[in-house]
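Which chain is which? The protein sequence lines are A and B, in order. Residues in the first sequence are numbered consecutively from 1, following this note's numbering. Residues in the second sequence are numbered consecutively from 1, following this note's numbering.
By construction, these hints were calculated from the structure, which means they are not laboratory data. On a predicted model such as this, the values are computed, not experimentally measured, just so you know. Note that CB positions come from ideal geometry on N, CA and C, so glycine has one too. It is possible that some hints are incorrect.
Think about it this way: if two alpha-carbon atoms lie no more than 25 Å apart in a straight line, the pair counts; the simulated BS3-like pairs of lysine-lysine are [to be verified]:
#1 A:275 x A:302
#2 B:147 x B:127
#3 A:8 x A:94
#4 B:74 x B:10
#5 B:35 x B:74
#6 B:80 x B:35
#7 A:4 x A:269
#8 B:147 x A:275
#9 B:37 x A:269
#10 A:176 x A:201
#11 A:268 x A:242
#12 B:242 x A:268
#13 A:268 x A:302
#14 B:32 x A:269
#15 B:10 x A:269
#16 B:24 x B:37
#17 A:241 x A:254
#18 A:242 x A:254
#19 B:246 x B:32
#20 A:13 x A:242
#21 A:275 x B:148
#22 B:133 x A:275
#23 B:246 x A:268
#24 B:127 x B:242
#25 A:254 x A:275
#26 B:127 x B:74
#27 B:37 x B:65
#28 A:268 x B:35
#29 A:268 x B:147
#30 B:32 x B:242
Computed beta-carbon distance windows for the label pairs [stated by the list, open to error]:
#31 A:25 x B:108: 44 to 52 Å
#32 B:20 x A:146: 43 to 51 Å
#33 B:327 x A:246: 37 to 45 Å
#34 B:327 x A:67: 32 to 40 Å
#35 A:146 x B:302: 25 to 33 Å
Each chain, written out:
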Amino acid sequence: MAQKELLKVNHLKQYFPIKGGFFGRTVNHVKAVDDVSFEIYEGETLSVVGESGCGKSTTGRAILRLDDPTEGTIEFDGEDLLSLSKREMRNRRKDIQVIFQDPYASLNPRQTVAKILTEAMEIQNVVPKNKRRERAIELLETVGLNAEQIDRYPHEFSGGQRQRVGIARALAVEPKLIVCDEAVSALDVSVQAQVLNLLKKLQREFNLTFLFIAHDLGVVRHISDRVAVMYLGKVVEIADKKSLFENPQHPYTKALLSAIPTPDPENKKERIVLKGDVPSPIDPPTGCRFHTRCPFATDLCKQDIPELRNLDHMEEGHRAACHHIEKIVSGDMKPNY
Amino acid sequence: MSEEIILDIKDLRTSFFTEDVEVKAVDGVSFKLPKGKTIGIVGESGSGKSITALSILRLLEHPGKIVGGEINFKDKDLTKASDREIRDIRGNEISMIFQEPMTSLNPVYTVGQQIRETLKVHQGLGKEQGTKKGVELLELVGIPSPKKRITQYPHELSGGMRQRVMIAMALACNPELLIADEPTTALDVTIQAQILEIINDLQDRFDMSVIMITHDMGVVAETCDYVAVMYGGKVVEYADVKTIFKEPKHPYTVGLLNSIPRHDVDVDELEPIRGNVPSPNDMPKGCRFAPRCPFATDLCYEELPSLDKVSDDNQVRCWIYSERWDGDPEVKVNGPERTS
Ligand SMILES: Nc1ncnc2c1ncn2[C@@H]1O[C@H](COP(=O)(O)OP(=O)(O)OP(=O)(O)O)[C@@H](O)[C@H]1O
Ligand SMILES: Nc1ncnc2c1ncn2[C@@H]1O[C@H](COP(=O)(O)OP(=O)(O)OP(=O)(O)O)[C@@H](O)[C@H]1O
Ligand code: SF4
Ligand code: SF4
Ligand SMILES: [Mg+2]
Ligand SMILES: [Mg+2]
Chain A
1 MAQKELLKVN HLKQYFPIKG GFFGRTVNHV KAVDDVSFEI YEGETLSVVG
51 ESGCGKSTTG RAILRLDDPT EGTIEFDGED LLSLSKREMR NRRKDIQVIF
101 QDPYASLNPR QTVAKILTEA MEIQNVVPKN KRRERAIELL ETVGLNAEQI
151 DRYPHEFSGG QRQRVGIARA LAVEPKLIVC DEAVSALDVS VQAQVLNLLK
201 KLQREFNLTF LFIAHDLGVV RHISDRVAVM YLGKVVEIAD KKSLFENPQH
251 PYTKALLSAI PTPDPENKKE RIVLKGDVPS PIDPPTGCRF HTRCPFATDL
301 CKQDIPELRN LDHMEEGHRA ACHHIEKIVS GDMKPNY
Chain B
1 MSEEIILDIK DLRTSFFTED VEVKAVDGVS FKLPKGKTIG IVGESGSGKS
51 ITALSILRLL EHPGKIVGGE INFKDKDLTK ASDREIRDIR GNEISMIFQE
101 PMTSLNPVYT VGQQIRETLK VHQGLGKEQG TKKGVELLEL VGIPSPKKRI
151 TQYPHELSGG MRQRVMIAMA LACNPELLIA DEPTTALDVT IQAQILEIIN
201 DLQDRFDMSV IMITHDMGVV AETCDYVAVM YGGKVVEYAD VKTIFKEPKH
251 PYTVGLLNSI PRHDVDVDEL EPIRGNVPSP NDMPKGCRFA PRCPFATDLC
301 YEELPSLDKV SDDNQVRCWI YSERWDGDPE VKVNGPERTS
């Protein structure tokens, strides 16, 4: 793989203020994303996984500059997006597109597909006016819809077809990076498989780069090159897909993988059932944020925040943020369920 | 089967009557559930899973109506039971956990008030006894500090805890049959694992029978004994869980299994089912799956196949397994081996 870094996120923080009291003063913060760094190489798919509320969408929104991050930098093609003015950013938006979970909510119900697609081209001014309809038809065919469907409205499509319209709209401006936020989560598996295959095909054809946000680890294994696992606003492990699924190092990643039900009744595996719920990001646990549920937690874990690190027994580029990786691997530390 | 059958549904039909069209949401569903066992009902969105469940408890909303068939629960046909009889059965002998935990708990009452109300209606327990039993129930489903939680409102609990409260309420009267409609769909996998463990454990302890409605074949593999696969308002395949995964016979079941991306196996390309689910007011007249089926013949488009026994373990609704099959006699429905 050509290892050109297309996107580089450095120490990204996104704190949302919580207002309270009589004067609507900020009484606290939701630390939705708290010091997150990663990079995405051109032409690859990096997936971000983790449980509800861990900060996946917030990370995606920061890259799209839908929110203004509290701290950190986001370099796209060598340029810091966060230092751009609103206007400069609008021009950049051509290169960075998004596909959301709910295709219905993200498409204007009063616009035909033709209008939806040509409007996207118009805003970014990527195709001359008299060529736009032609291009829209081409796009529909690219995503597996028919030219005849171009004058229909979103409600006349099924969920999977609407998601294809959403993909066509993202492609309309010839982006380099597409943020897919739960792009296939609402679809039935048989239709989801169609859309996943389509995304893979488009990636090959147009050398697209994907930031793929999802909670379904089956989908993630299928689509990704690399995977980042988040827990409560932090990346706890990042690795090549194969390395992550077959050789997870962080206790949370292990629990997460073991909790997925496998469609194979004759091969029931040992499950690690975690205690308790995901704590609140308003008042996250000190030290390692996983310590309240981790079967290996020690006093050190309650005090010091572990850094992402790569050890000798791990593949290159595989990093995990846990104080006790060595002792867990060697078997010197036993889980305490 | 020599086991005691607790639920025997025969040719159930439920329709919605809107603007002089009849939407056949459930269109001839049959299956049997042995006591103490779990049956999974799977199928795509809109295939009639929830309406089947709601029909059993006769909880259909207005233009919906059972228009035919039998629902034999123990020795009673629920389609013919009086409203009073159904009310007695609901929450006592049969309980249900709904798809959306937030909408089925009342936001203006505390958890305790809601549990006490259930216990009062069904078991005539007073306030003090109700609270005591309520705390026990919350403990049973693994809610930490139940004495505190019982005084809180639903919005003060996490999604996983709300779902556990729902389970606690459903179990309040030791039901013989629990219907769980997507009980974990809204939850994260680590929380889902906790909930499934609780249901399994309670089932063992109380010899409860369970109908598990889900679209997740992983959940089916881990919790069910039998599986009914639904498509377009009909059961297209019924088998024990091992047979469904090992030797699926219906082309839809095979397609479904081949479209699942797995976290434990690498596949280069998924094999999706082409096309989309037909809408219920626009059902093909023959086999409902014909427009998407790679094996469909003229016969399939013309006539609806019946749900027939094809082996000791399996019932299938597909012409391929009948004497009238007019396509390739050597047809192989089962795709490539997908286990690691
Ligand atoms: N605008 C906002 N104001 C305050 N809090 C917010 C805001 N947006 C997100 N949050 C909080 O930030 C945290 C992270 O949210 P985020 O949407 O990124 O999670 P997620 O990982 O995408 O979860 P899900 O899987 O449920 O989509 C959550 O606790 C959420 O409630
Ligand atoms: N109130 C209603 N009026 C008209 N049609 C309805 C009504 N409720 C359900 N239906 C139709 O009945 C069919 C079966 O619905 P049902 O809710 O049983 O699907 P399901 O299999 O549970 O799907 P999901 O996986 O999305 O929950 C659907 O096509 C639906 O459109
Ligand atoms: S640092 Fe400690 S608490 Fe965190 S994952 Fe590692 S062992 Fe568990
Ligand atoms: S009956 Fe025909 S169309 Fe229906 S599933 Fe069987 S082969 Fe396919
Ligand atoms: Mg999100
Ligand atoms: Mg349903």
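Structure-based check of all given hints:
1. For a cut-off of 25 Å, the pair hint linking residue 275 (chain A) to residue 302 (chain A) stands: about 17 Å separates their Cα positions.
2. Distance restraint check for residue 147 (chain B) and residue 127 (chain B): the Cα-Cα separation of roughly 14 Å lies within the 25 Å cut-off, and the hinted pair is therefore satisfied.
3. This hinted pair checks out: residue 8 (chain A) and residue 94 (chain A) have alpha carbons roughly 18 Å apart, not beyond 25 Å.
4. Simply put, residue 74 (chain B) and residue 10 (chain B) have alpha-carbon atoms about 14 Å apart, close enough for the 25 Å limit, and the pair holds.
5. Between the alpha carbons of residue 35 (chain B) and residue 74 (chain B) the distance comes to roughly 10 Å, so the proposed pair stays at or under 25 Å and holds.
6. In summary, the hint linking residue 80 (chain B) to residue 35 (chain B) is supported, as the alpha carbons are separated by about 22 Å, within the 25 Å threshold.
7. Proximity of residue 4 (chain A) to residue 269 (chain A) is assessed by CA-CA distance (about 39 Å); at most 25 Å being required, the pair is judged violated.
8. Between the alpha carbons of residue 147 (chain B) and residue 275 (chain A) the distance comes to roughly 19 Å, so the proposed pair stays at or under 25 Å and holds.
9. Between residue 37 (chain B) and residue 269 (chain A), the direct Cα distance comes to roughly 21 Å. Compliance with the 25 Å bound is thereby established for this hinted pair.
10. Of the pairs offered as hints, the one joining residue 176 (chain A) and residue 201 (chain A) holds, with about 15 Å between alpha carbons and a cut-off of 25 Å not exceeded.
11. Proximity of residue 268 (chain A) to residue 242 (chain A) is assessed by CA-CA distance (about 21 Å); at most 25 Å being required, the pair is judged to hold.
12. Taking the CA atoms of residue 242 (chain B) and residue 268 (chain A), the gap is about 12 Å. The hint holds against a cut of 25 Å.
13. For the proposed pair residue 268 (chain A) and residue 302 (chain A), the alpha carbon gap of about 34 Å is over 25 Å, so the pair is violated.
14. Proximity of residue 32 (chain B) to residue 269 (chain A) is assessed by CA-CA distance (about 29 Å); at most 25 Å being required, the pair is judged violated.
15. Restraint check for residue 10 (chain B) and residue 269 (chain A): the C-alpha separation of about 36 Å exceeds 25 Å, so the hint is violated.
16. Among the hinted pairs, residue 24 (chain B) with residue 37 (chain B) is inconsistent with the structure: their alpha-carbon atoms are about 29 Å apart, more than 25 Å.
17. For a cut-off of 25 Å, the pair hint linking residue 241 (chain A) to residue 254 (chain A) stands: about 14 Å separates their Cα positions.
18. For a cut-off of 25 Å, the pair hint linking residue 242 (chain A) to residue 254 (chain A) stands: about 14 Å separates their Cα positions.
19. A hinted pair counts as satisfied when its Cα atoms are at most 25 Å apart, and residue 246 (chain B) with residue 32 (chain B) qualifies at roughly 21 Å.
20. Simply put, residue 13 (chain A) and residue 242 (chain A) have alpha-carbon atoms about 29 Å apart, too far for the 25 Å limit, and the pair is violated.
21. Only pairs whose Cα atoms come within 25 Å are accepted, and residue 275 (chain A) paired with residue 148 (chain B) is accepted, the gap being roughly 18 Å.
22. Note on residue 133 (chain B) and residue 275 (chain A): the hinted pairing holds, with a Cα-Cα distance of about 24 Å set against a maximum of 25 Å.
23. Pair hint residue 246 (chain B) plus residue 268 (chain A) holds up; C-alpha atoms about 14 Å apart against a cutoff of 25 Å.
24. Proposed proximity of residue 127 (chain B) and residue 242 (chain B) is contradicted: the alpha carbons are some 47 Å apart, above 25 Å.
25. A threshold of 25 Å between alpha carbons decides the hint, and for residue 254 (chain A) with residue 275 (chain A) the separation of about 14 Å falls inside it, so the pair holds.
26. Between the alpha carbons of residue 127 (chain B) and residue 74 (chain B) the distance comes to roughly 33 Å, so the proposed pair goes past 25 Å and is violated.
27. Of the supplied pair hints, the one linking residue 37 (chain B) and residue 65 (chain B) is violated, its CA atoms being roughly 28 Å apart against a limit of 25 Å.
28. Our distance criterion of 25 Å between C-alpha atoms is met by residue 268 (chain A) and residue 35 (chain B), whose separation comes to about 23 Å.
29. Taken as a hint, the residue 268 (chain A) and residue 147 (chain B) pair is broken in the structure, with Cα atoms around 36 Å apart against an allowance of 25 Å.
30. A threshold of 25 Å between alpha carbons decides the hint, and for residue 32 (chain B) with residue 242 (chain B) the separation of about 17 Å falls inside it, so the pair holds.
31. Separated by about 29 Å at the C-beta atoms, residue 25 (chain A) and residue 108 (chain B) break the suggested range of 44 to 52 Å.
32. Remark: the range hint 43 to 51 Å for residue 20 (chain B) to residue 146 (chain A) is contradicted by a beta-carbon distance near 31 Å.
33. In this structure, residue 327 (chain B) and residue 246 (chain A) meet the distance hint of 37 to 45 Å, their C-beta atoms being roughly 42 Å apart.
34. The given range of 32 to 40 Å is broken by residue 327 (chain B) and residue 67 (chain A), whose C-beta atoms sit roughly 56 Å from each other.
35. As the Cβ distance of residue 146 (chain A) to residue 302 (chain B) is approximately 27 Å, the hint placing it in 25 to 33 Å holds.
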